[in-house]
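Novice: Modelling step: build the complete structure from the supplied sequences, incorporating the hints.
Read top to bottom, the protein sequences are chains A and B.
Residue 201 in my numbering sits at position 201 of the first sequence; the count goes up by one each step and never skips.
Residue 104 in my numbering sits at position 104 of the second sequence; the count goes up by one each step and never skips.
Some clues are possibly wrong.
What the hints assert, rightly or not - Partial list, computed: chain B residues near chain A (C-beta under 10 Å): (1) M518; (2) G556; (3) G586; (4) P646; (5) L768; (6) D827.
No lab work stands behind these hints, which were simulated from the structure alone.
Even glycine gets a Cβ: it sits at the ideal position worked out from N, Cα and C.
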Amino acid sequence: MKSPITNHKLHLLIIACLLSLSSCSYIDIDVENQLPQEAVDYSNTADMYSPVVGVYAKLRFPGCHWINQMLWTGRDEDMTSGRTDDQAEALLYSYRGGYQNPNSFWGLRNVWVTMYDIIRTSNSALQSLDEYAKYIPNKTSEDYANYLQYQGEIKCMRAWAYFMMVTSFGPCPLLTDNNQEDYTRSTVEHVCDYVIADLEASIPNMAASYPGEMIHPGAFTKYTAEALVARFAMLKGDWEKMQDMTADIIGSGKFDLASSTNDDYYNLFKIPGKLCRESLMEVQVTDYGQPSGDYIGVDQWFVCQGAELRNADKTLNVAGWKFCRFNPDFVAWADARGEVARREVSFLVGGETLRDGWKVALTKKVVFNAKAYIPYNQMTAGNTEFGRNNNVRLLRYAEVLLMNAEASFRLGNTDATFLNQVRTRAGLQPVDALTEDIILDERRMELSAEWGLHYVDLVRTGRAEQTLNQASLKRDYAPGSWTEDKKYWPVPGEVLAELPELANNPK
Amino acid sequence: MKKLSLSLSLLLLPLVLNAQVTGTVVDETGQPLIGAAVRVVGSNQGTITDLDGMFVLTDVTSSATIEVSYIGYLPQQITLNDQRSTLNFQLKPDVQNLEEVIVVGYGASKIKDLTSPIEVVKGDQISSIPTSSAISALQGQVSGVHIVNSGVPGAGASVTIRGLGSFSNNAPLYVVDGMFYDNINFLNNNDIEEISVMKDASAAAIYGVRAANGVIIVTTKHGTKNQRPDITYDGYVGLQTVSHVLPMCSSNQYAEMLMEADPTAYTTSLDLSQYNYGGTFEDGKYNLAQNTNWYDQLLRPAVITNHSLTINGGGEKATYGIGISYLYQNGIMNTTNDYNRMTIRGNVDYTPIKWLTVGINAVFSNSTQRLPNNAAWQQAFNMPGIFPVKDLTTADIYTNGYASPEVVGLANNFYNPVATANLYDATNKSTQILANIYAQFNIWKDKITLRTAYNFDHTGMRSKTYLPQYYIGAFQNNVTSTLYKNQTQFNNWIWDNTLTYADQWGKHALKVMLGLSMREERMDFLQGVAQEVLPQESYQYISLGNQESQTVSDDGSRTRGLSYFARASYSYDDRYMIMATIRRDGSSKYNVKWGTFPSVGVAWTISNEPWAKGHKNFDYLKLRASWGMLGNDKIAPSVGSLTVTPAEAVFGGMNVLDGYINATTFSWLSWEMVNETNVGTSFGFFGNRLTGDIDWYYRLTKNAVCSARLPMQDADATGNWATILNMGVDANLNWEHKVNKDWSYFVGVNVSWLRNRVKSLFGSQQILRGGKTVQKVGEEMNSFYGYKVIGVYQNDAEIAADPIAVTNNLQPGDFKYEDLNKDGVMDDNDKQVLGSYIPDWTYGINMGFRYRGLDVSVSLSGQAGAQMWNRKRALRYACNTYNFDRNQYDSRWHGEGTSSSTPSAAGLMKSWNIGETANASYFVESADYFRIQNITVGYTFTNVGTGAYKMPSIRLSLTADKPYTYFKANSMTPELSDAQGWDTEVYPLTATWSFAVQLKF
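Specialist: Below, the structure written as structure tokens:
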């Protein structure tokens, strides 16, 4: 047997070996079968538009989700979600008197979730922009000007989402930080103030152009932001701001109504009207001119609103889901007003023959939204999907003119010049002076089926209860039960279950 | 050392020589104990007792203390005084095995020194239980360990220790001879020497980040030094039968239900059955000739058999253990499904030099599992008996002569279950090699030892699934045959190094262990798929399939770990013990690579206090308390870096720009953390006839990973967000009495109570949905969630009086649900938690007796407070004309006052009652059961044989394993392989009737 000392040396040697082998870097290895995530190179400011593109993509879809449109436009007495066999629950959130089954409809949650998807994506895109900005030391450089312009574009989209939120749900959480833990709702007033301040901070830094002439054609400009501020000011009743903002847009001379002296007005909501001079905010799509394959589109947005159309010899057929129908009463009201040009732009009346000889199926009791329609000869050859390849108009110059008219009227000026521009374009006689009824009727007609703006008008002017309940009674539905407390939809059930603080009083 | 020698010399002062001490050693029944060790405390003097239990010691000092010890008995000390030179020892049995040394992870400890609850199950307790996996045999045996068995041949059991503490993975860590495993299905029951279950955090913490779900340490059989060769053959052959068959509606009862629901709507298939397979229709009643019981068609009795040969032994310098086992288990599904496994194992430990011991251990296991198609079970539930299994008149249309549901007009959603079971070919072949080699250096006086061990595991799995081409109808068919072949290889190794110092002086005992462990786990996966492969087994190759359809894919993973750990335990006078461990674990899996896991345990053996000694009936009492922190790294590795998703937007015409959408939340996954406190006691009373352990624990999982739907989003994100509590009590009580040499009996009860609660989710989120069950704060994990049935509307007046019934257009015979918020509307706000598959109580009772060679044991087990989701029934939402089970027929509403629990036949076809929106409590059923777990009757013959050679023993036994289970659910079995308690496609459990032989040579 060896001497103990030799043994000890041996043992110490073994221990030393063990310790030296176990270096910490042993566990620093890459994950197998996974390429490392491509790190974003913020120093490459040429890529700075990438996160902005991401928000535009969100705004397009799921922002323009068909169920959102169906719910938003179905709220007033002029439009209904149409079908009782499919998505019948949507009717519960209409003018008929509010919801019986308060909050479990999936579509309601969809509106909430898709709008916050835009807001959240905007937040993180703004953060990404700030990262790029760290590599732009020169605050007077073109890069930095772009940075500020891009910020503004994102804020426009965020503001649009908030506008849809406060007009749909009223008080809603302000998501100022994607990681925030407090989802307590803010009052409508508070949301309006936040968005107005947010946009106003960017307005001086944004391009004084009309979107169609931007380097990224269709990108939102200073005037888009101003129009959005005007919308929020309207909700608040801040008429001065509403007037200032709209006056600046009108005064810029960058915008013009699509003319009814040629086909421009007819095409306002159709393919040739994409990014026209009347457009301040538009969601753009393309099918690359191909009937199938890649389609940067808005899913079933147009399809859901689509009517059934047949060509003269009944050999061709283009059909949508036939949701989103106007009430025939509304058409009768428009006819009584003497609407002709605007009737064609707004309505697809069942049984009537269209300009291109195609016929709308069903009877005149069924009226669809012509603003979602493109004629067959404008469709990409070989495709028959309703409305495919058309852009979605979010905000038009006509609305700006009408907002300006209203703001002036509220401030005591009855001059009807700007309102009359809208009327004459539609082929109507000008009015001598503004009244609230004239303004609201003009908005009702001009902005039909656009974002539930008529419903917003009824609510903010206190006309909702009478108007909606009357319409309910007249159409032989259950007695109208719309009440003031139902002016906003409830917080969707599943959202509420996940975030109980949404039931707290808004702050 | 100075102190020690001082006390020794003090002890040696009154030296008076006493010529001789004699004595006897007997057991508790007065029988002499042969070969008991007798020694003089503090000296080298000692002897052993003779055949009469007598001993003689010479030259003993007059004040010496004599200690007698014997395996299985507690040691006893008697101090001499001048008067006595004859000593009589009566040893008490060591019922709790206090002196027994058990493995505790990187070392061993005597049970009496433990500060935490560790339960040990010996190999011989499970060797004759006819189960394919050893862990299944532990059901009802160990408190706090919940085992759910599966009927699939070769499938292991699912095991949870002390509740569910993770949404991800709740399986304990198995450590087999030093190697980490997820299960021990590759071992034969007879390969196992002992299984130690580390239930609390203080025991498990030595395994750090892997230990959160508890640790089960498995030791394979080894020899001992100076042991004559112990050759044992164990074998059994048994018959498995289904333990319960759910009664279904006969064809005529099914017809009656359809006619009652709507005599105009559903008659087509009944008429077609009558037309094709005979029967009559009179007075509005069908009397159909065809009445297939699909469950009966799918079931059969099946054989299970196991044969094991083990040889253990040892000499002066070496020990060895070798074994070979073969198991075959056929499946009770009446098609090809079975399991066979061969294990070969061997180990040698050798001490070539006094300061060095080396050893090698290897287990080789090879198994083939031919899998059943469990979809057939649900199809058998859905399919009415109105058409036969086979119909030769349509054999030219339908594959293999199977009858098609189409023939009786059942198209969509209907399948011939027997065809489904047979037109399936899936096999898993697994080869597993566990090898370890170690060297142990005795550095200093048996007090400091260094051990280095390298453990290696190779698991190769080859699986094949062949879906043949067949046509049983427009709905049940497979147009092209498809062959899938997967090869998965695991190559894992662990290198453990420990340095141990153990010493005793006076009343002090100290043990310190330092360790370093490195490990790597590698997985490689390769899959090939091809279509149009011919069915013959020899043609089942990817390369023989359609060239165009051939695809290949692969995957792999590699994780590394590095751990430093230390454990110190100290005891004073066998009265006070403290043990502390700490492990610092590094893992390549996460962004946060390092974690530290401490634990501490204390114990106080009250019965060893001087003032407590000598009380009659008060033999042993120990109080224990421990706390520890554990990690669960069975979580998918996280990338953790910023992620961006590509996006596109249009800017003018066809001008499309590429951009990206930033991840709006940032995932940073890490392991889950468990904090556990355990307070317990171990005791022995009435001459250690009554013994037991009671432990209370409080386990809080923090940073539990949950995949939550983010608030106000459709996206899911995974993060360490949730908190889960498991609190409970585990108790064992045993009464064991050896009345005399021939006659003994025992009764044992173990009970576990568990309270499982989700304490928090993501932020202030209250409920997490999206799966089979919900997670709701304040409720049990995996809760069923829906409307609660409070009755059935009995008449029109009741309908008219209830606005809910009016709004929803209900009829008498429809369910009445609880309007939780009493707002007169049934909606999402009225949903409530309806139960969970986690039992509140689990229990086992073991009893038996031995009279001479005869031994009889009975064990019972059960659970209470668990619910299951009868998905079999709930699937009716997909198809109105599915069959009904007998209970639905018997207890249906069919007129006022006939039922308040089951809807009418029409109601069973209405979404108000069966739809997924309602998720009615009607589908939640009790999963409680009470089972006769095992009855074994055995007889042992000793010293059998003629002439010179006598066999030491032969044991013959008859076993009924799980012969009877009582439960209320409308199900085949209350034990569901689905962890969340969904009862669908469940392979029924079996009762096994077996005959076993054990031969010792």
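Novice: Now tell me, hint by hint, if it's right for this structure.
Specialist: Quick rundown of the hints versus the structure:
{"no.": "1", "hint": "M518", "in the structure": "6 Å, holds"}
{"no.": "2", "hint": "G556", "in the structure": "5 Å, holds"}
{"no.": "3", "hint": "G586", "in the structure": "5 Å, holds"}
{"no.": "4", "hint": "P646", "in the structure": "9 Å, holds"}
{"no.": "5", "hint": "L768", "in the structure": "8 Å, holds"}
{"no.": "6", "hint": "D827", "in the structure": "5 Å, holds"}
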